[in-house]
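Protein chains: 2
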Amino acid sequence: MTKIAVLGHGVVGSGTVELFLKNKDNINRKNGLDLELGYILDIRDFPGLPYSDKFTKDINDILNDPEVKVVAEVMGGLHPSFEFVKSCLEHGKSVTTSNKELVAAKGAELLKAAKEHDCNFMFEASTGGAIPIIRPLDRCLGGNEIYAIAGILNGTTNFILTKMISDNMAFDDALKMAQELGYAEKDPTADIEGHDACRKICILSSLAFGKHVYPEWVHTEGITKLTLEDSMYAENWGGAVKLIGSVKRFEDGTILPMVRPAFVCNGNQLSYVSDVFNGIMVYGDGFDRIMMYGRGAGKLPTASAVVGDIIDCARQDGTSVSMTWEECSDSSFIKDYTLDEVQMYIRTDGVSENEINALFGEVEYLDRAGRPDSEKAFITPKLRECDIIEKMNKYKNNVLGTIRVLDF
Amino acid sequence: MTKIAVLGHGVVGSGTVELFLKNKDNINRKNGLDLELGYILDIRDFPGLPYSDKFTKDINDILNDPEVKVVAEVMGGLHPSFEFVKSCLEHGKSVTTSNKELVAAKGAELLKAAKEHDCNFMFEASTGGAIPIIRPLDRCLGGNEIYAIAGILNGTTNFILTKMISDNMAFDDALKMAQELGYAEKDPTADIEGHDACRKICILSSLAFGKHVYPEWVHTEGITKLTLEDSMYAENWGGAVKLIGSVKRFEDGTILPMVRPAFVCNGNQLSYVSDVFNGIMVYGDGFDRIMMYGRGAGKLPTASAVVGDIIDCARQDGTSVSMTWEECSDSSFIKDYTLDEVQMYIRTDGVSENEINALFGEVEYLDRAGRPDSEKAFITPKLRECDIIEKMNKYKNNVLGTIRVLDF
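Going down the list, the sequences are from chains S and H.
Quick note on our numbering: the first sequence kicks off at 211 and runs consecutively.
Quick note on our numbering: the second sequence kicks off at 211 and runs consecutively.
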């Protein structure tokens with residue numbers, strides 16, 4: 211018998227236990243395993259559950275039981291998650307986690323610990339919820355040079371943006387609806403300011419390019435400044451506004467990870483990813499491009515990825531197959547985003563077409579229902595972002611909004 | 211040093227060598243491996259290549275070299291591929307293949323051989339080309355009960371259907387264009403009659419449900435009977451005609467694998483998969499639904515999946531992590547498709563609305579530009595297919611076409 215332990219019995223933790231127990235017999239039969247639920251660690255009491263006898267409040271019960279081979283960390287937060295996970299790895303127990311904050315802050319260190327102790331650290335659930343992305347990126351696409359990744363990595367903001375587009379709702383109303391439906395937290399900052407997407411693009415960047423990318427190195431903009439007018443112009447342009455977490459690699463080896471709203475054209479599969487769904491597009495030399503689509507959050511979708519990792523860890527028992535990436539103390543491999551060339555959507559009030567054309571040359575003007583004559587919205591040619599900012603400086607009080615165009 | 215061997219130097223074989231050699235240093239560094247190209251087996255001569263010294267015409271060179279740990283079979287066909295692959299596995303060498311015919315016909319037997327000889331048999335490239343689907347289905351989604359899979363599994367037919375929809379081309383013209391562009395073979399039978407998609411849905415069905423599904427058990431219809439009118443009606447209905455390979459599981463444990471053109475509604479992500487791209491949607495209890503999208507064929511996309519498997523086999527050396535599925539001699543677990551309930555698009559000439567309504571009750575009538583008054587196209591209510599056929603029998607000379615509606 212191989213015992214598994216689950217650290218945390220919140221939304222994802224209880225979902226993990228539920229899915230595992232429901233499908234346990236099938237899982238064991240299909241994989242030639244003999245997995246059993248050993249422990250659930252939580253400081254709270256959960257009397258009356260069919261598995262109430264499995265709860266413990268002491269991590270040492272798990273660390274000191276040699277039958278525990280796989281631990282699922284689904285508590286969230288950095289502490290004591292980090293200490294618990296590291297101890298488990300140091301005891302030779304493989305760990306899977308759904309904790310993006312933990313992987314984004316401590317991934318390199320924990321992967322190293324796993325390697326050193328011949329066990330595995332897996333985190334499929336940390337990015338894209340149920341969507342297979344970590345394992346595909348590491349294994350299926352491992353023969354390629356990755357050029358870029360662009361993803362809709364946060365379901366809450368995608369729900370809000372979908373409502374703005376399809377139901378013409380204003381941002382605040384859409385946010386309120388997301389909160390009422392339970393998609394957004396009471397304090398929605400981490401979602402709408404892009405911090406959640408930022409952690410996820412850090413994980414994907416680290417994995418794809420082999421160096422740990424910390425959240426504080428990533429230029430991050432949320433969706434709070436978006437207006438209904440912006441999404442109307444995006445539709446007129448032939449696309450949709452999406453919150454995109456992306457990273458791309460330059461010839462000189464630097465990379466540019468970034469989170470920001472972007473105009474995504476209808477030719478790009480990401481433009482069709484709506485509601486709370488996530489989609490992640492990966493570009494590389496052999497495969498060209500791949501997109502994975504599915505539920506990026508929620509109790510059972512996240513549990514699906516956790517249980518998948520539990521099975522894989524158990525199948526790999528004794529072989530450390532986790533990837534590693536380098537811990538870096540300086541961020542000099544991260545490109546300054548203002549030096550990258552972009553096309554920019556700019557919405558102005560009180561600037562004439564002559565003035566706009568004098569600045570940018572030929573631009574693409576957009577229209578929307580109810581556009582006042584004084585309002586001009588347009589897409590600039592491809593220029594360095596710092597040059598676009600400089601050009602617009604003269605009219606900076608006239609700029610109502612700017613959004614980058616996703617060009618990959 | 212670990213040597214790899216490549217069996218076959220055709221399109222996929224040369225792509226595999228090309229991609230591997232291009233990215234070898236990165237692959238070895240990222241994975242802590244020391245892989246080298248050891249042999250390429252081909253009966254033909256390829257003088258003047260930078261790796262011409264690696265060619266051999268004798269499989270025994272590979273079988274008898276203990277440094278060869280991973281073999282990529284990219285020859286295609288059943289013989290001698292099967293004999294070569296089986297010998298490699300019996301010599302404890304892991305094998306990866308892009309050969310869907312081989313996996314669909316011999317998968318259970320080869321997986322068993324891999325298990326018995328502590329090595330691995332992988333076939334990510336056999337289905338969906340570059341698209342990660344085998345490993346995600348087996349590992350990432352392994353904690354779930356799979357309900358159904360529906361995929362656009364053949365790029366050639368999807369290209370033809372896209373041209374019919376977007377450029378209003380007739381089937382024959384679109385096929386000719388596909389041949390001119392090199393997407394379709396001179397003899398396009400395997401693609402347009404659905405045989406290629408059939409092999410792929412056999413592989414996915416076997417993997418998802420644990421019993422080997424043979425191609426001859428799968429009801430397969432191609433796209434040769436489709437007309438431009440059908441695709442116009444599909445558009446009017448709010449969707450597109452796609453060649454769908456699918457399988458679904460019933461409460462009684464039977465499954466229904468099938469290949470046929472289907473009406474796919476615009477709410478389904480598969481309807482947006484166009485050109486030569488493939489998309490595979492998977493449904494299950496924890497994750498709800500997942501779609502993978504990418505290039506389903508071609509030299510480098512297929513090589514991408516082969517090289518990914520080579521790396522994984524090398525990382526797993528000594529651990530057999532391949533899944534297995536049961537070899538079945540009878541097909542009693544396959545449901546009779548005529549007993550399944552479907553909605554059917556039916557196009558008739560010379561049948562009145564009164565007569566149609568008398569047969570089916572309320573139906574949804576569709577329209578198209580240039581529809582003659584005598585032509586009626588409609589979607590039936592959900593009924594057993596055998597009942598629909600029986601109802602239409604009275605008017606069978608008036609039926610111009612029928613297409614099932616994809617309902618998952």
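There may be inaccurate statements among the hints.
[Claimed, not checked] The calculated lysine-lysine pairs, modelled on DSBU-like cross-linking and capped at a C-alpha distance of 35 Å, are: (1) Lys322/S to Lys267/H; (2) Lys213/S to Lys435/H; (3) Lys267/S to Lys396/S; (4) Lys386/S to Lys458/S; (5) Lys606/S to Lys592/S; (6) Lys267/H to Lys240/S; (7) Lys240/H to Lys509/H; (8) Lys267/H to Lys232/S; (9) Lys396/H to Lys325/S; (10) Lys421/S to Lys386/S; (11) Lys509/S to Lys458/H; (12) Lys325/H to Lys267/H.
[To be verified] If you want the footprint, here are the derived chain S segments under chain H, 3+ residues with CB under 8 Å: (13) 352-359; (14) 411-418; (15) 441-449.
[Stated by the list, open to error] Not everything, but these chain H residues come out facing chain S in the computed CB check (under 10 Å): (16) Thr226; (17) Asp252; (18) Ile253; (19) Pro257; (20) Gly258; (21) Leu259; (22) Pro260; (23) Ser262; (24) Cys350; (25) Gly352; (26) Ile465; (27) Arg499; (28) Val516.
If you are wondering where the hints come from, they were derived from the structure by calculation, not from laboratory data.
Cβ atoms here follow ideal geometry from the backbone N, Cα and C, with glycine treated the same way.
Status of the hints after comparison with the structure:
no. : hint                 : in the structure
1   : Lys322/S to Lys267/H : violated (43 Å)
2   : Lys213/S to Lys435/H : violated (55 Å)
3   : Lys267/S to Lys396/S : holds (29 Å)
4   : Lys386/S to Lys458/S : holds (34 Å)
5   : Lys606/S to Lys592/S : holds (20 Å)
6   : Lys267/H to Lys240/S : violated (39 Å)
7   : Lys240/H to Lys509/H : holds (24 Å)
8   : Lys267/H to Lys232/S : violated (52 Å)
9   : Lys396/H to Lys325/S : violated (51 Å)
10  : Lys421/S to Lys386/S : violated (38 Å)
11  : Lys509/S to Lys458/H : holds (25 Å)
12  : Lys325/H to Lys267/H : holds (28 Å)
13  : 352-359              : holds (count 4)
14  : 411-418              : violated (count 0)
15  : 441-449              : violated (count 0)
16  : Thr226               : holds (9 Å)
17  : Asp252               : violated (21 Å)
18  : Ile253               : violated (26 Å)
19  : Pro257               : violated (26 Å)
20  : Gly258               : violated (24 Å)
21  : Leu259               : violated (19 Å)
22  : Pro260               : violated (18 Å)
23  : Ser262               : violated (22 Å)
24  : Cys350               : holds (4 Å)
25  : Gly352               : holds (5 Å)
26  : Ile465               : violated (15 Å)
27  : Arg499               : holds (6 Å)
28  : Val516               : holds (8 Å)
The structure is inconsistent with the numbered hints 1, 2, 6, 8, 9, 10, 14, 15, 17, 18, 19, 20, 21, 22, 23, 26, although it conforms to all the rest.
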